[in-house]
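Going down the list, the protein sequences come from chains A and B.
Letter by letter, the first sequence follows residues 17 to 423 in the working numbering.
Letter by letter, the second sequence follows residues 17 to 423 in the working numbering.
In short, the hints are calculated from the structure, not lab data.
A quick note: this is a predicted structure, and the numbers were derived from the prediction, not measured.
Do not rely on the hints blindly, as some may be mistaken.
[Stated by the list, open to error] Pulled a few chain A residues facing chain B out of the computed Cβ check, cut under 7 Å:
no. : residue
1   : 185
2   : 189
3   : 193
4   : 216
5   : 312
6   : 316
7   : 320
8   : 323
9   : 403
[Said to hold, decoys possible] Non-contacting residues of chain B with respect to chain A, defined by C-beta distances greater than 10 Å in every case (computed):
no. : residue
10  : 99
11  : 141
12  : 179
13  : 246
14  : 375
15  : 376
16  : 393
Even glycine gets a Cβ: it sits at the ideal position worked out from N, Cα and C.
There are 2 protein chains.
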Amino acid sequence: MKNLLVAQSGGPTAAINSTLIGIYNAAKSKVDNVYGARYGIKGVFNKDIHNLSKLLNESDLPILAQTPACALGSCRQKLKDPQNYPEQYESLIKIFREYSINYFVYIGGNDSMDTVNKISTYLKQNNINDIIVVGAPKTIDNDLVETDHCPGFGSAAKYIATTIAELERDCSVYSVPAVTLVEIMGRDAGWLTAASALSRLNGSKGPSLIYCCEKAFDTHLFLSDIKKLFEKKDNSILVALSEGIHDNNGRYISETAGQTYLDEFGHKQNAGAAKVLEQIVKKEFGCKTRSIEINLMQRAAAHISSLTDINESIKLGEQAAKCALNEMNGKMSIILRKNNNPYEVEYSSINTSIVANKVKHLPNDMISSSGNDVTNKAIEYLKPLIQGELTVKYKNGIPLHLNLFQE
Amino acid sequence: MKNLLVAQSGGPTAAINSTLIGIYNAAKSKVDNVYGARYGIKGVFNKDIHNLSKLLNESDLPILAQTPACALGSCRQKLKDPQNYPEQYESLIKIFREYSINYFVYIGGNDSMDTVNKISTYLKQNNINDIIVVGAPKTIDNDLVETDHCPGFGSAAKYIATTIAELERDCSVYSVPAVTLVEIMGRDAGWLTAASALSRLNGSKGPSLIYCCEKAFDTHLFLSDIKKLFEKKDNSILVALSEGIHDNNGRYISETAGQTYLDEFGHKQNAGAAKVLEQIVKKEFGCKTRSIEINLMQRAAAHISSLTDINESIKLGEQAAKCALNEMNGKMSIILRKNNNPYEVEYSSINTSIVANKVKHLPNDMISSSGNDVTNKAIEYLKPLIQGELTVKYKNGIPLHLNLFQE
Chain A
17 MKNLLVAQSG
27 GPTAAINSTL
37 IGIYNAAKSK
47 VDNVYGARYG
57 IKGVFNKDIH
67 NLSKLLNESD
77 LPILAQTPAC
87 ALGSCRQKLK
97 DPQNYPEQYE
107 SLIKIFREYS
117 INYFVYIGGN
127 DSMDTVNKIS
137 TYLKQNNIND
147 IIVVGAPKTI
157 DNDLVETDHC
167 PGFGSAAKYI
177 ATTIAELERD
187 CSVYSVPAVT
197 LVEIMGRDAG
207 WLTAASALSR
217 LNGSKGPSLI
227 YCCEKAFDTH
237 LFLSDIKKLF
247 EKKDNSILVA
257 LSEGIHDNNG
267 RYISETAGQT
277 YLDEFGHKQN
287 AGAAKVLEQI
297 VKKEFGCKTR
307 SIEINLMQRA
317 AAHISSLTDI
327 NESIKLGEQA
337 AKCALNEMNG
347 KMSIILRKNN
357 NPYEVEYSSI
367 NTSIVANKVK
377 HLPNDMISSS
387 GNDVTNKAIE
397 YLKPLIQGEL
407 TVKYKNGIPL
417 HLNLFQE
Chain B
17 MKNLLVAQSG
27 GPTAAINSTL
37 IGIYNAAKSK
47 VDNVYGARYG
57 IKGVFNKDIH
67 NLSKLLNESD
77 LPILAQTPAC
87 ALGSCRQKLK
97 DPQNYPEQYE
107 SLIKIFREYS
117 INYFVYIGGN
127 DSMDTVNKIS
137 TYLKQNNIND
147 IIVVGAPKTI
157 DNDLVETDHC
167 PGFGSAAKYI
177 ATTIAELERD
187 CSVYSVPAVT
197 LVEIMGRDAG
207 WLTAASALSR
217 LNGSKGPSLI
227 YCCEKAFDTH
237 LFLSDIKKLF
247 EKKDNSILVA
257 LSEGIHDNNG
267 RYISETAGQT
277 YLDEFGHKQN
287 AGAAKVLEQI
297 VKKEFGCKTR
307 SIEINLMQRA
317 AAHISSLTDI
327 NESIKLGEQA
337 AKCALNEMNG
347 KMSIILRKNN
357 NPYEVEYSSI
367 NTSIVANKVK
377 HLPNDMISSS
387 GNDVTNKAIE
397 YLKPLIQGEL
407 TVKYKNGIPL
417 HLNLFQE
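Hey, can you work out the whole structure from these sequences and the hints?
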C-alpha cells in the first residue's frame, strides 16, 4: 500500500485550499489513499490523520476553492536540527510507516520549507529512499525566493487593490483636509503594500503615498511629503504603509511609541505603525486623521479571490504532488513567468534548501526614488496576478464555505 | 423653468449612489434639469452646483451603482434653528431661486433629516409653496425610525456576515486557545453587530459571543462568558462587539482605558473597545488575543453589496423624487415590510419631523436573555436584507468605479 499525506502550515491564505485540491486531484488515482494531517506537522506527530476521500466529495471541491484559511488547520512549529536531535525524525518515520505513507506534501511558507528540507535531509542521510517529502509554496507575503510569486499573494493583492480603491472613494467625500493611514501586512517584505498601487489601474487616485518596509522610514520626510500634498490642494490623503516600516536603525515605527502606549496594567504595548503615525500627523497638521489596519481580512477575503491565483495555486499543488510521486525528495513546486504580456507561466521545482528561511524583498527598482511610491516595473509585475474573479457560490446571502471538521 | 437639486450627506455607504440614481431617473423627464450639489448642504451654500445630465451618461449608471461612498461628496453640517436664525434660510432660498430649483432632495441619516425638517418648516412658515424639500434615507447604522430598515445597511450587513464567516475560518486554523475580538460600527445602535450572526446561516460557527451596544456591558460577565467557552473546549473564540458598548453607568468601554493609553505627547487617547478588551483578555487568560476593527471597509465594500439593498435604495430614491414632484414638503421616503417569507416590501413616506435626530435601537427581543447573542427574531429580520449579489463589473482585476469629479 502506498499513501500520500498532505498538511498545511503557517498563516492562512485565500488560496491554500486550492493547493490542497491540486495535490488531492493529482494524487488520488496514483496512490491508495490521500491522507490529511490536521494542524500541520503537529498533527502528524499527534496522529491527527484523516482519509481525505472520506472527508471530501468531488462536488465539494469548488466550495473548498472558495473557502479561506486552512481546511486542514495549521501550526507554527519548527523542527529541531536532524543531526543533533534525530529522535523527532525517528518518531515521524515510525508514524509514516504506521500509515504506509510514502509521500508527504507540506504546504507552507519559508518556515515550512525548512521543515521539508530538514526531513528530506534526514531521509537522505539515513538512506531512507521509500519516503519522499516535498513542499508546495504558500504565503500572502510573496516573499519566497526562486518562485516568481507565491500562491495566496494574488488574492490578497486583489483584496488590497479593491479595498484601497473603495477607501479612496470613501475618504474623498468631505471637503475638509484629512489623512487616512492604511496599514498593510508585511513585516519584512513590502509586496502587499506595493499592491495598493493597483487601485489606480482604472484611473482612480489611489494612495497619495506608499511606504514599503524595504526602505528606511524617515518620519520627517513623511511629514514633509504630506505637507507638500496639502500645499498642492490634495485634501484627502490616503497613505499605504507596511506594518514593518522601520527607521534607519532598523527600529520598527510601531515600536517608537512603545514607551507611551501602556496597557491598563502599565505594560508597554506596541501600537501598529499606522496608529503611531496617526498621532504624529494629528499633532503636526491638526487635521482629521484616521488609521486603518486591514488586518486578517487581507488574507481571509476569499469572496474576492484572484482567479489567476486560485488556478495557479491548484497547479502548484498538482506540481508538488507530481514531484512527490516522481520521488523528487526535498523539492518545492515553483512558478516561473515566461512572458508578461500576454502573461504566461510554467511550473517547475527547486530544492527547499535554497528556499528555507530566506526572504525575497521588493527590489529597489520597484520602489520610486522618492521612496514614497512604487515604479511602473512593480505595477507590470503585480498586475497579472490579480486578474480574473472566481465565480463564488452564495447561499443565504453569504459565500458557501466547506468545513471538513464540523463539530 | 423647474429644476430639481439633489445632495448627499453624512457618512458614506455602498448604496447611497443607488439612491442618487433613483432620484435622477425618476426626476429627469419631469423637470428641466437635475442638479447635484457637491459636499451636501455646504455645497448648496457655496453654489457648488452641477448639472447631472452633463456629468452622467446613461451607461454610467450601473457603474455608479457599484461605486461606494458619495459620488456628490458629503458634509456634516447642521442648520441653525429657523425661528431665531432666518438669515441662513433666506440665503438658501435665494440660491434656489437663482438656479430655478423647485425641488430639493437630501439623502442622509437622522441629522440630514433634521436639515430637511428645518428647511421645510421655514418654507411653510413663510408661505413659500413653490419650493419643496424632501429627504431620502441612508445609513449603515440602520437607526432611522419609522422605516423598516435603511439603505446602505443591507450591504454593510452582508459585508460583515461574509467577513465574520471568513475570519471565523481563519481563526480556527490553530489548535491553541485564542480569542479574536471584532469591533463593528455602531455607537448607539447594534444592528450591524447583530448582523455578524448571519455568518452562521450556512451552518458555520460564527461568533461565539455577540455584544450589542443596547445592553450594558459587564466586563466580569464577559470574562466569565469566555471562561465557560474555554471550559467547553471552544478554543477559537470569535467575539463580535459594537464600538459603542458601554458599562452600566453609560461609560464607553473604549473610554475605560483613557487613563493609560497615552499618545507620544502624553495626551489621553481612546483606544477602540476591542483594543481595550484585548488587553483585559490577554491578562486574564494569557492566551493568543487579537483585536480587529472592521473600520471603514464595512461601509465602503461595494464589491459585495447586497442586491436587495441596491435595488431598494434605487426605489427609495425614486419614491423621494416622487414625493418632491408631488409637492409633499418635508417628507422622507420609507420602506415598509409587508411580509417576511416571502419577503415583500412597499414604499411610503413620513414627515421628517418624526425622523429627525431620533435613533432606532435594536429591540430587547432581538437580544438573547444572556446578553451575549441575538435571537432568532433578529435573524429573521436581518436575513432578507443581505440577499442577492450585484453583478460587479471588473476591469484590470478591480471593480470599476465612477468618479463624477475626476481632477
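Hints, verified against the model:
Checking residue 185 (chain A) against chain B by beta carbon gives a least distance of about 4 Å; that is within 7 Å, so the hint holds. Interface restraint check for residue 189 (chain A): the shortest CB-CB distance to chain B comes to about 4 Å, inside 7 Å, so the restraint holds. Because the smallest distance between the Cβ of residue 193 (chain A) and any Cβ of chain B comes to about 13 Å, over 7 Å, the interface hint for this residue is violated. Contact between residue 216 (chain A) and chain B, as hinted, is not supported at the beta carbon level, the nearest pair being about 9 Å apart and thus beyond 7 Å.
Satisfaction of the interface hint for residue 312 (chain A) is found here, the shortest Cβ-Cβ separation to chain B being roughly 5 Å, below the 7 Å cut-off. Because the closest C-beta pair between residue 316 (chain A) and chain B is about 4 Å apart, less than 7 Å, the hint holds. At its closest, the beta carbon of residue 320 (chain A) sits 6 Å from a beta carbon of chain B; the interface hint therefore holds under the 7 Å criterion. Because the beta carbon of residue 323 (chain A) sits about 9 Å from the nearest beta carbon in chain B, more than 7 Å, this interface hint is broken.
Contact between residue 403 (chain A) and chain B, as hinted, is supported at the beta carbon level, the nearest pair being about 5 Å apart and thus within 7 Å. Distance check for residue 99 (chain B) against chain A: the nearest CB is about 29 Å away, which clears 10 Å, and the non-interface claim stands. Every beta carbon of chain A lies more than 10 Å from that of residue 141 (chain B), the smallest distance being close to 31 Å; the non-interface claim holds. Listed as a non-interface residue, residue 179 (chain B) fails to keep its Cβ farther than 10 Å from every Cβ of chain A; the least gap is roughly 6 Å.
Listed as a non-interface residue, residue 246 (chain B) keeps its Cβ farther than 10 Å from every Cβ of chain A; the least gap is roughly 15 Å. Distance check for residue 375 (chain B) against chain A: the nearest CB is about 22 Å away, which clears 10 Å, and the non-interface claim stands. Consistency note on residue 376 (chain B): stated as away from chain A, and its beta-carbon is indeed over 10 Å from all of that chain's, at 22 Å minimum. Remark: the non-interface label on residue 393 (chain B) is consistent with the geometry, its nearest Cβ contact in chain A lying 17 Å away (cut-off 10 Å).
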